[in-house]
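J.: What follows is each chain in one-letter form.
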Amino acid sequence: MKRDRAGLAAIVPFLWLALFFAFPFLLVAKLSLSDTALAMPPYTPRIDWSQGLAGVQAFLAALDGETYGRLTQDRLYLDAYLSSLRIAATGTGLLLLIGYPIAYGISRFRPAVRNALVMAVVLPFWTSFLIRIYAWIAILKPAGVLNAALSALHLPPVDILNTETAVILGLVYAYLPFMVLPLYAVLDKQDDSLIEAAQDLGSTPLSAFWRVTFPLSIPGAAAGGLLCFIPMAGEFVIPDLLGGSDTLMLGKVIWTEFFSNRDWPAASAVAIVLLATLIVPILLFEREQAKVLRA
Amino acid sequence: MRRGLSAFNIASVVLGLAFLYAPILILVVYSFNASRLVTVWGGFSTRWYVALFQDAQMLDAVWVTLRVGVISATIATAVGVLAALALVRGRFRSRTALAGGVYATLVMPEVILGLSLLLLFVSLGLPRGFWTVTLSHATLTLAYATVVVQARLATFDRSLEEAAQDLGCPPWKAFVLITLPGIAPAVAAAWMLAFTLSLDDLVIASFTSGPGATTLPMRLYSQVRLGVNPEINAVSTLLIGLVATGVIAAYLVQQRRRRREAVPR
Amino acid sequence: MDQGADRALSERAPNSRPQIGGVRDTFAPWEDPAAHPLVRFEGVSKAFGDTAAVTGVDLSIYGSEFFALLGPSGCGKTTLMRMLAGFETPDAGRILLEDRDIAADPPHRRPVHMMFQAYALFPHLSVAQNIGFGLKRQGAPRREIADRVEEMLALVKLEGMGKRRPDQLSGGQRQRVALARAIAPRPRILLLDEPMAALDKKLRDETQFELMTLQQTLGMTFMIVTHDQDEAMVVADRIAVMREGRIVQVGRPGEVYEAPADRYVAGFIGDVNLFEGRVTTSEGGRVRLVGDDGTFEAEGAGPVGESAWIAVRPEKVEVHTDPPPPGVNVLAGRVHDYGYLGDWTTYLVEIAPGRLVRVARANTTRTVARPLGCGDAAWLTFAPSSAVVLTR
Chain V
1 MKRDRAGLAA IVPFLWLALF FAFPFLLVAK LSLSDTALAM PPYTPRIDWS
51 QGLAGVQAFL AALDGETYGR LTQDRLYLDA YLSSLRIAAT GTGLLLLIGY
101 PIAYGISRFR PAVRNALVMA VVLPFWTSFL IRIYAWIAIL KPAGVLNAAL
151 SALHLPPVDI LNTETAVILG LVYAYLPFMV LPLYAVLDKQ DDSLIEAAQD
201 LGSTPLSAFW RVTFPLSIPG AAAGGLLCFI PMAGEFVIPD LLGGSDTLML
251 GKVIWTEFFS NRDWPAASAV AIVLLATLIV PILLFEREQA KVLRA
Chain X
1 MRRGLSAFNI ASVVLGLAFL YAPILILVVY SFNASRLVTV WGGFSTRWYV
51 ALFQDAQMLD AVWVTLRVGV ISATIATAVG VLAALALVRG RFRSRTALAG
101 GVYATLVMPE VILGLSLLLL FVSLGLPRGF WTVTLSHATL TLAYATVVVQ
151 ARLATFDRSL EEAAQDLGCP PWKAFVLITL PGIAPAVAAA WMLAFTLSLD
201 DLVIASFTSG PGATTLPMRL YSQVRLGVNP EINAVSTLLI GLVATGVIAA
251 YLVQQRRRRR EAVPR
Chain L
1 MDQGADRALS ERAPNSRPQI GGVRDTFAPW EDPAAHPLVR FEGVSKAFGD
51 TAAVTGVDLS IYGSEFFALL GPSGCGKTTL MRMLAGFETP DAGRILLEDR
101 DIAADPPHRR PVHMMFQAYA LFPHLSVAQN IGFGLKRQGA PRREIADRVE
151 EMLALVKLEG MGKRRPDQLS GGQRQRVALA RAIAPRPRIL LLDEPMAALD
201 KKLRDETQFE LMTLQQTLGM TFMIVTHDQD EAMVVADRIA VMREGRIVQV
251 GRPGEVYEAP ADRYVAGFIG DVNLFEGRVT TSEGGRVRLV GDDGTFEAEG
301 AGPVGESAWI AVRPEKVEVH TDPPPPGVNV LAGRVHDYGY LGDWTTYLVE
351 IAPGRLVRVA RANTTRTVAR PLGCGDAAWL TFAPSSAVVL TR
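Protein sequence lines, in the order shown, are assigned to chains V, X and L.
Per this note's numbering, the first sequence starts with residue 1, numbered consecutively.
Per this note's numbering, the second sequence starts with residue 1, numbered consecutively.
Per this note's numbering, the third sequence starts with residue 1, numbered consecutively.
Source of the hints: derived by calculation from the structure; they are not laboratory data.
Quick reminder that beta carbons are idealized off the backbone N, C-alpha and C, glycines included.
Each hint should be verified, as a subset may be incorrect.
Label pairs and their calculated CB-CB ranges [what the hints assert, rightly or not]:
id, chain 1, residue 1, chain 2, residue 2, range
1, X, S6, V, F259, 25 to 35 Å
2, L, R100, X, V176, 28 to 38 Å
3, X, T74, V, L26, 43 to 53 Å
4, V, L78, X, G246, 37 to 47 Å
In isolation and in its complexed conformation, chain V is listed as follows (with noise of 0.2 Å):
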């Protein structure tokens, strides 16, 4: 095909991620260097267009850093920043540990096993996220299912709910999904005869998993984790529903600075932040998946 056809395709996306992903990030940029106001919507300065040049320059000088001075001030967001990353990157370390044995696992079994296991895995997740954290608040709950578990067995009870310890556990349980595929995905298309190879020429089962399967799933460990690291650090249901008042992640103080405070400056700076510190993690994402693209 002498003219790029398939080319021509990539129009309407095109336009769509230009209109509604990358163009109102430069809205949010804008408006955290804007500030609060008393009105419809809540901040201020506002382009008159009707003044033309002149309106736009106004608006220009109107704009200031006030907003992330602010953020610098209160302990709190730098607080929450750290927190987030901290409790992200748990989460990620914890999914690896608990996902890899998972995924490795389900590539042993037979063929048709292995398909109905992964379908199994996947299941969940099309059910409602917001229900499935909802269920573990009912289990978490001091009068809750597991302190039931615990009493019947005569164990002390547990108080995790409003805790970090509850937002982790439902951030990994929430995320299996999806640190389980990418690794099985990579897991499941080695080749075992590079195994066999290596059990021939002397190693242990345990050595040649170290040695030969171990290394090479590395990319759909890489993969997993930043699939999972990177909207983790803005998660806002989880914190929320299972998290207490000191459990800080940026994902809800956005939602407090928007909806509570009504502070749109604010929110739009903590977004600003965040996106700025991810940016790194996802172009390593988009990096990752440019490889698989051009394979």
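With the hints as your guide, set chains X and L onto chain V.
T.: Chains X and L only, in chain V's frame:
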């Protein structure tokens, strides 16, 4: 392919699946619990289902959610097929930019996405309501649909399209008559994925919705904050049942088709 | 059918010159100066990046011909065929179909159809819908399409299978559908891409003859691309041998086999024994050559004083258990190895340390009075008319 299956492997998988399904099972069980309390089993009862169907607000939210889901999934799938086509077959220079945009949307935290979409609607002067939620959901699920279709399109046998062209089809017609039917299962899967994600979304709906367009997750969220309402168990069970049936049915159909194609010559 | 068929051999015109290769072939439009080729490649070249796939190809293909492009993988034959079909465009040169340059036409506008190597049947359409696909694109009326599909199903012996789907057919049946689908829209030339690559030997032999019969019945021009020299030899009216993007020789199977253009063609098709030496005389269509292995005489002409090769096919070499009278084209050695194939026996005779000559003998009798085994002394002779001289 001989693959050794150790006890550790089996244990990992069983525990993993138990972990995934335990909350769902608990939910389903307690949706039939006559007692309000989670810890007390008050006997089998369908009273919460009855209450659910009498709850007008809840039913209204379900209806809105379904409509938003269907429309946004359709838009997302249509645009996603185009994006997948461009990514897999295209040779234009900004291909990496398009891929970048798609993958960035995939991993973007929803609060950022929701906030930015709301600001877009505000600056465009669009009143928040049904259509802003729908367009936002389409944007959210577009990336997922693209990825699913792209994966299938990349492995599609291009000699089928060449054969169609050889016999007189212009390239676009070969795509419509031969390729699209060939990737139809993936397109359907993409639609289902987009639909489920839309059905499920709380954050973006909260930012971009408006009066009269309260979605089910928004309703559920406001109720959950107030406390445990067993009606939620009932609606959850119904939703889970609906989706599970659909997914399992699709899976079985696919397995049967695969088995038929493996008929020995 | 040809008029000379019912005349006995002895009644034929005595001055019809002996034909190279064993069979009487009356179809030869390429020898007719008034004939006009259906397809012409003129100076066609194509490169992929740094690799030159096809270089300076000139080729003419005539109507109703069964033409074969033969060569090893990577020689450019598939690229050449795809350029004719329209899936690649040449970097240089012209491709003419009935004197019109079609190089710029997209594949869907060319009256050229292809039978794909992996058949490429449309899985979601029935057999009948597959076969009628091309006609539907031409806009033929439904009645006509149905009739033509029935005709095609009968032609490829798949009557009654119209409603089936490709996944319900065997490999051989799928191949027939692919063939029928490409023939149904009446292309000016039908391209076959390694059509027998996926078949086992028995099926391959049957299919080869079926294809030939089909081609003659339809009178359609076929162009087959293959790396299997047996296949090309059996089915083709003419073969073009390709090597590294160039055409090395074009000719009838008999010509390519018995009068190869160079050592590459001689070695590529069948087995051959090559003897290198210096040309001492070259006159009257005979050449004498002296080399390390001995003195040889063969047909042809060669540059006196320069080196050349004598090529003789294994089946033209006679093996003797007693020494023959001394002369040219005589070799002495020991049987190094042999291969018994039932209908033929091949001997590898060592005439000097490390120097093996291949001899093939048809087993025309069930028993052999004085059989040869490993280590036995053997003498080899061949007639000058059985060998050719090659200068490159």
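J.: Please go over all the hints and tell whether each is borne out by the structure.
T.: Hints versus structure:
| no. | hint | result |
| --- | --- | --- |
| 1 | X:S6 <-> V:F259: 25 to 35 Å | 50 Å, violated |
| 2 | L:R100 <-> X:V176: 28 to 38 Å | 30 Å, holds |
| 3 | X:T74 <-> V:L26: 43 to 53 Å | 29 Å, violated |
| 4 | V:L78 <-> X:G246: 37 to 47 Å | 46 Å, holds |
In this structure, the hints that do not hold are numbers 1 and 3, in rising order.
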